[in-house]
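Engineer: Which chain is which? The protein sequence lines are A, B and C, in order. Add 3 to a position in the first sequence, counting from 1, and you land on the number used in the numbering used here. Add 17 to a position in the second sequence, counting from 1, and you land on the number used in the numbering used here. Add 12 to a position in the third sequence, counting from 1, and you land on the number used in the numbering used here.
Since the hints were derived computationally from the structure, they do not count as laboratory data. As the structure is a computational prediction, the values presented were derived from the model and not from experiment. For every residue, glycine included, the Cβ atom is placed at its ideal position computed from N, Cα and C. Where hints are given, some of them may not hold.
Said to hold, decoys possible - Looking from chain A toward chain B, a few residues come up when the C-beta cut is under 8 Å (computed):
#1 TRP110
#2 ARG168
#3 PRO268
What the hints assert, rightly or not - Calculated pairs, PhoX-like style, for lysine-lysine (alpha carbon to alpha carbon, straight line, at most 20 Å):
#4 LYS109/A - LYS192/C
#5 LYS55/A - LYS327/C
#6 LYS204/C - LYS107/A
To be verified - Covered stretches of chain A, going by a simulated chain C footprint (3 or more residues, C-beta under 8 Å):
#7 39-45
#8 60-67
#9 76-87
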Amino acid sequence: MSAYIASLVSVIGINLILALGLNIITGFCGQVSLGHAAFYGLGAYTAAYLAKLGAPLPLTLLAGTAMAGAIGIVVGLTSLRVRHDFLAVTTMGIGFVFLGFVRKQKWLGGELGISGIPGPGLDAVPYALLIAAFAMAVAALSLWIKLSWMGFTFDAVADDEDAARTVGVNVSTYKLTAFGIGTALAGTAGGLYVYFARIILPDTFDFVQSIAVLTMVVIGGTGSVWGVFASTIALTLLPEVSRAAADYRLLIFGAMLMLVMRFSPGGLAGLVHRRRPA
Amino acid sequence: MLFAELIVKGLVYGCMYAMMAVGLTLVYGLLRILHIAHAGVFALGAYMAVTVTNATGSLAFGFVIAAAVSAVAGIAIYRLAYQPILHHSAFVPMVVSIGLFIVMQEGFRLIFGAYGIAFDDNPWYVAHVDLAGISLTYVEIAMVVMSVVLLVGFGLFAGLTRAGIGWRATVTDPQMATSFGVDPVRVRYLNFLFGSALAGIAGGLVGLLNNYVEPTMGGAVSYKALAIVVLGGLGSVRGTLIASLVLGVVESFGAIYLADIFDRDAIGFLFLIVVLMVRPQGLLGRR
Amino acid sequence: MKKSVIAATLAAALLLAGNAAAQIKIGLHAPQSGPAAADGKSSTIGAEIARDWINDKGGVLGQKLELVTYDDQNKPDQAVPIANKLIGQDKVMAAVSCSYSAPTRAAAAVFQQAHIPYVSAYGVHPDITKEGNWAFRGVQLGPPQGKGAAKFIADKFGKVKVAMVTMNNDFGQSIADGFKEEAPKLGLTIVKEYTFGLGERQFGPIVASVKADNPDVIYAIGYYFVGGPLVAQLRAGGLKQPIVGAQAFDSMKLMEIAKDAAESVYVVGGMDRGRKTPADFQPFLAEFKKRAGYDAEAVAANCYSSVMLVADAIKRAGSTDAAKIREALAAAKDFPMLTGPLRYFNSVGEIYSPLEVTQVKNGAFVGVGVIDEPSILAPPK
Numbered sequence: 004m005s006a007y008i009a010s011l012v013s014v015i016g017i018n019l020i021l022a023l024g025l026n027i028i029t030g031f032c033g034q035v036s037l038g039h040a041a042f043y044g045l046g047a048y049t050a051a052y053l054a055k056l057g058a059p060l061p062l063t064l065l066a067g068t069a070m071a072g073a074i075g076i077v078v079g080l081t082s083l084r085v086r087h088d089f090l091a092v093t094t095m096g097i098g099f100v101f102l103g104f105v106r107k108q109k110w111l112g113g114e115l116g117i118s119g120i121p122g123p124g125l126d127a128v129p130y131a132l133l134i135a136a137f138a139m140a141v142a143a144l145s146l147w148i149k150l151s152w153m154g155f156t157f158d159a160v161a162d163d164e165d166a167a168r169t170v171g172v173n174v175s176t177y178k179l180t181a182f183g184i185g186t187a188l189a190g191t192a193g194g195l196y197v198y199f200a201r202i203i204l205p206d207t208f209d210f211v212q213s214i215a216v217l218t219m220v221v222i223g224g225t226g227s228v229w230g231v232f233a234s235t236i237a238l239t240l241l242p243e244v245s246r247a248a249a250d251y252r253l254l255i256f257g258a259m260l261m262l263v264m265r266f267s268p269g270g271l272a273g274l275v276h277r278r279r280p281a
Numbered sequence: 018m019l020f021a022e023l024i025v026k027g028l029v030y031g032c033m034y035a036m037m038a039v040g041l042t043l044v045y046g047l048l049r050i051l052h053i054a055h056a057g058v059f060a061l062g063a064y065m066a067v068t069v070t071n072a073t074g075s076l077a078f079g080f081v082i083a084a085a086v087s088a089v090a091g092i093a094i095y096r097l098a099y100q101p102i103l104h105h106s107a108f109v110p111m112v113v114s115i116g117l118f119i120v121m122q123e124g125f126r127l128i129f130g131a132y133g134i135a136f137d138d139n140p141w142y143v144a145h146v147d148l149a150g151i152s153l154t155y156v157e158i159a160m161v162v163m164s165v166v167l168l169v170g171f172g173l174f175a176g177l178t179r180a181g182i183g184w185r186a187t188v189t190d191p192q193m194a195t196s197f198g199v200d201p202v203r204v205r206y207l208n209f210l211f212g213s214a215l216a217g218i219a220g221g222l223v224g225l226l227n228n229y230v231e232p233t234m235g236g237a238v239s240y241k242a243l244a245i246v247v248l249g250g251l252g253s254v255r256g257t258l259i260a261s262l263v264l265g266v267v268e269s270f271g272a273i274y275l276a277d278i279f280d281r282d283a284i285g286f287l288f289l290i291v292v293l294m295v296r297p298q299g300l301l302g303r304r
Numbered sequence: 013m014k015k016s017v018i019a020a021t022l023a024a025a026l027l028l029a030g031n032a033a034a035q036i037k038i039g040l041h042a043p044q045s046g047p048a049a050a051d052g053k054s055s056t057i058g059a060e061i062a063r064d065w066i067n068d069k070g071g072v073l074g075q076k077l078e079l080v081t082y083d084d085q086n087k088p089d090q091a092v093p094i095a096n097k098l099i100g101q102d103k104v105m106a107a108v109s110c111s112y113s114a115p116t117r118a119a120a121a122v123f124q125q126a127h128i129p130y131v132s133a134y135g136v137h138p139d140i141t142k143e144g145n146w147a148f149r150g151v152q153l154g155p156p157q158g159k160g161a162a163k164f165i166a167d168k169f170g171k172v173k174v175a176m177v178t179m180n181n182d183f184g185q186s187i188a189d190g191f192k193e194e195a196p197k198l199g200l201t202i203v204k205e206y207t208f209g210l211g212e213r214q215f216g217p218i219v220a221s222v223k224a225d226n227p228d229v230i231y232a233i234g235y236y237f238v239g240g241p242l243v244a245q246l247r248a249g250g251l252k253q254p255i256v257g258a259q260a261f262d263s264m265k266l267m268e269i270a271k272d273a274a275e276s277v278y279v280v281g282g283m284d285r286g287r288k289t290p291a292d293f294q295p296f297l298a299e300f301k302k303r304a305g306y307d308a309e310a311v312a313a314n315c316y317s318s319v320m321l322v323a324d325a326i327k328r329a330g331s332t333d334a335a336k337i338r339e340a341l342a343a344a345k346d347f348p349m350l351t352g353p354l355r356y357f358n359s360v361g362e363i364y365s366p367l368e369v370t371q372v373k374n375g376a377f378v379g380v381g382v383i384d385e386p387s388i389l390a391p392p393k
C-alpha cells in the first residue's frame, strides 16, 4: 500500500466512523443533529491535549471518546426538552457555541489550535489499517444494534414517539443512548484524526463539516448501514476522481443532495430497497 | 453613552435580522420547513441590487429589481423544490434546503466571482448624522425605516384585508380555512413572495451597509435568523420580531463584553440554548 | 469497486500530468473551491505566471518546469493525501503551498518525512517550519509582522495609545501576539484589544466602544474584505484617528469597498504599487491583471515569488536531487521577492525580509517607508 492510498484509507475510515455514528442518532433514532462536528472536535481536542502531555494513543483515544460521549448525553437531554425542529437548530447552535468557545481558549491554543502532536507510534500504513479496523468495528456495531432489540426500539421512537411511549418504551433512555453512542464515536474519530493530521485548528470542526457528515448519511439513506457505508466512501473519493472539475465540485455536491432527496428520500439504500419513505 | 450607542447599533442589526427572520417564520408557520435556502435568496437580492444599480445608476431601480427577482426566486423554490416533497417528514425538505443553499452559494461564486463586488457609488454608508453623540449612517437609518414600513405594512395587510385574514386563518387551521373558501396554495405563494422579497431587500441593504457583496454573505445571517425563529417560538411572527431585536442588542453587548470568552456568532446561539432550557417553546411560542 | 476507483484516480492524475516532455515538477496546493477559493485563485494565477515566464526563458536546467496543482479546499484531511500523491505518484522534486495554515501544516509533516523541500508561500502558522528542516516560509511570520507594526507606530506617532482590532484566526492572533509583546517596550499603550470573526462585516459595537476609548491610533489586523467595511465604519462613526492595517489589507479591493474612507490608511507589510524594483514587479502586476481581470494582491505575489525561489534553488543546485535543492534553498541570499528582498533563511527555514509600509493615497498604495531592523524582524528560531 502506497502512502497515498494509506492516507486515503485513513480519511475514509475517519469519515466512516463519523457518518455511522451520526446514523445511529439521526438514522436509527430519528433525532436530527446539525452539530456532529462539535463532538468530532471535542474528541480531537481532548486527545490532542493529552497527547501533548505525553499520554499514549490508547488512553487519548479513550479519553476523546468518553469526553464526546459524556457531553453528547448532556446535549441529548435537550432532545427530551424541545420539539423536533427545535432540536435541529439547537444542535446547530451547539456547534457554534463549541467553536466560539474553543477559539477563545488560550490553553487550547486559541486560533492557532494544537500542533506539534507526537506521531501515533505507527507508520502511515499500519496506522491506516488501525483506522480501517476501527471503521469496520463501528460498522459491525451498527449492524448489531440495528438487528437487536435496541434497534427495533430506536425504530419505534423514530417512527412515532408517542406510540412508542404508549407501548411502554422508555423513550428518554433510548434517545440518550443513541446520542451517547453516536457522539462518542465522533469523539473516537476526532482522536484518530489528531494523529493523522498532527495539527488541529478550530475551523476544522465547523458547521460545514457537520453538514458534510450529514450529507454522507442522507445520500446513503438515513438508517441504512450499508447505504451510509457506500456513500461515505463514494463522497470521500469524489474529490480524488473529480480534481479536474474542482471548480464545480461543491455545486455538484449541493445538486446531488437536492436530487437524491427529491427522487429518492431513502438515499442510495432507498433506490435498492424501494422501502417506505422514512 | 457607550451603552446607549450599543443599544442603538444592536437595534439596527435587529431590524436587519427581523427582515430575514420574518420570511423564515412565515414559511415555517405554514409548511413546517426549516427554509435554510432563504439565505441564498438574501444573497441573490444583494447581488441584484449591486449589479443593477451599477449598470443603471439608479439605486431605487436596483432595489425594485432585487425585490422582484428575489420574490420570483422564492416562488420558484417553493414550486420546484418544496412542493413535490411536502408529504415527506420535515427532515427531507430541510436537507433539500441545505443542498439548494450550497448550489446558490456556489452559483454566485461561479457567476460573479469568488471575490465580492461593491457598489460603484455608495456615499450613504459613510455619510452619517450625529444624534445626541450617536452616529448613524444613512444606510443604517434606511435599514430601520424600511423594516418598520415593510413589517407594519405587512401587519396591516394581515389584519385588515381579506387576503390577509385568509392567510392568517390558513396558518392557524388550514382545513378550516379551506372549508371557508380560502385557497391554501395561493396563500403559500403569497407567503414565499412576501418573505423572499423582504429577504432580497434586506440583502440589498446589507450590501449597502458593508458596501460588499460576496457569495458566502448569507451564511452567518441565516444561521442567526434560524436561531431567532426558534427563539421567538417557531411560527410566531410577533415572537420573531421581538427575538430579532433582543438578539441584535445581546450581540452588540456580547461583542464587547463577552469577546474574551466567546466569539460573536456563538453568543446568539448560547442565548438561544439558555432560553430553550428555561422555555422549551421559545419566547412567545405555544407548546 | 475499489480497484476501479483507483484506476479512475490514476486516469485523472494522468490527464492532469499534461506535457510529457516536462521533467522538472513542482507540486502545488491551493484552496480552489469553497469559501477560501478567492485567495486560492489569485495564488494559483501568480504561480502560473512564474511557471510560464520561467519556461519562456528556457525552463530550468534546460528542461520545462511543470506545476502539478491540486485543490486542498483549505482542509488538512485533503492536504495529506495530496502531499502523498505529489510525492508518490507525481514524483515532484519540490512543493509550494499556496494555501492557509491548516492544510500547509498538515502537508509539511508529510513532505518532511519524505524529504522533499517545501515552501509555504503565505501560511503564517508558527509551527509550519517546526516539523524539521525541509520546510521553508516565503513570508514573514506573524509575530515579526506585529512587532514591525509596533515599531512603525512608535516611530511615526510617538508613545501613543493604541486600540487593537484583531481578526479571530491564526493570522490575526499570531500578528497580535507579536504586537502585544513589542508595543510596551517601545512605550506604546494598548488601551484595549477587540476581536471579531472572519465572517463579521458589521462593526457597530466595536466602533462605538473604540470611540469611548479615544485612542491615538487604531491598529487593525484582518483581511481586506473585513478591513474595507471596518475602515469605512470607523470613519462613519466619526473616528478620525490614523488607522494602521496588517499585510492582508493589501488588496485593491480595500479601496473598492471602503472608497474614500480607505484614504490615508497605512499597511505594514504592503506592496508599493509604483515600485520599480525588482525588475519583474511591474510586468507581474500587468500580467496578473490581464489574466485575472482584477489587480494582484500580496498572496498572488507571494506565490509567484515562492515558485521563482524554488526554480532558482534548483538552478543553483544544478540538480534535481531533493537534498541538493534543500541545501540551495537554505543557502538563498538576497533573492528578489516581489514583496521585498529575501535576505536569508534562518536555521529553521524562516525568512528574513524587510517590511514595506504603504499608505493609501488617491486610491493607490504608495510606499512611505521600510522597516529593516534585525532586532525587530529577526524570525524566531
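Engineer: State for each hint whether it applies.
Structural biologist: Status of each hint after checking the structure:
Here the hint on TRP110/A is broken, as its CB sits about 13 Å from the closest CB of chain B, past 8 Å. The criterion of a C-beta within 8 Å of any C-beta in chain B is not met by ARG168/A, whose closest approach is roughly 17 Å, and the hint is violated. Residue-level restraint check for PRO268/A holds (minimum Cβ-Cβ distance to chain B is 5 Å; threshold 8 Å). A threshold of 20 Å between alpha carbons decides the hint, and for LYS109/A with LYS192/C the separation of about 15 Å falls inside it, so the pair holds.
For the given pair, LYS55/A sits about 41 Å from LYS327/C by alpha-carbon distance, which is inconsistent with the 20 Å threshold. Restraint check for LYS204/C and LYS107/A: the C-alpha separation of about 16 Å stays at or below 20 Å, so the hint holds. Taking a C-beta to C-beta cut-off of 8 Å, the region 39-45 of chain A contributes 0 residues in contact with chain C, too few for the three needed, and the coverage statement is violated. As drawn, the region 60-67 of chain A meets chain C at 0 residues by the rule of a beta-carbon pair under 8 Å; below three, the given contact is violated.
Taking a C-beta to C-beta cut-off of 8 Å, the region 76-87 of chain A contributes 0 residues in contact with chain C, too few for the three needed, and the coverage statement is violated.
Against the hints set out earlier in the document, violations occur for numbers 1, 2, 5, 7, 8 and 9.
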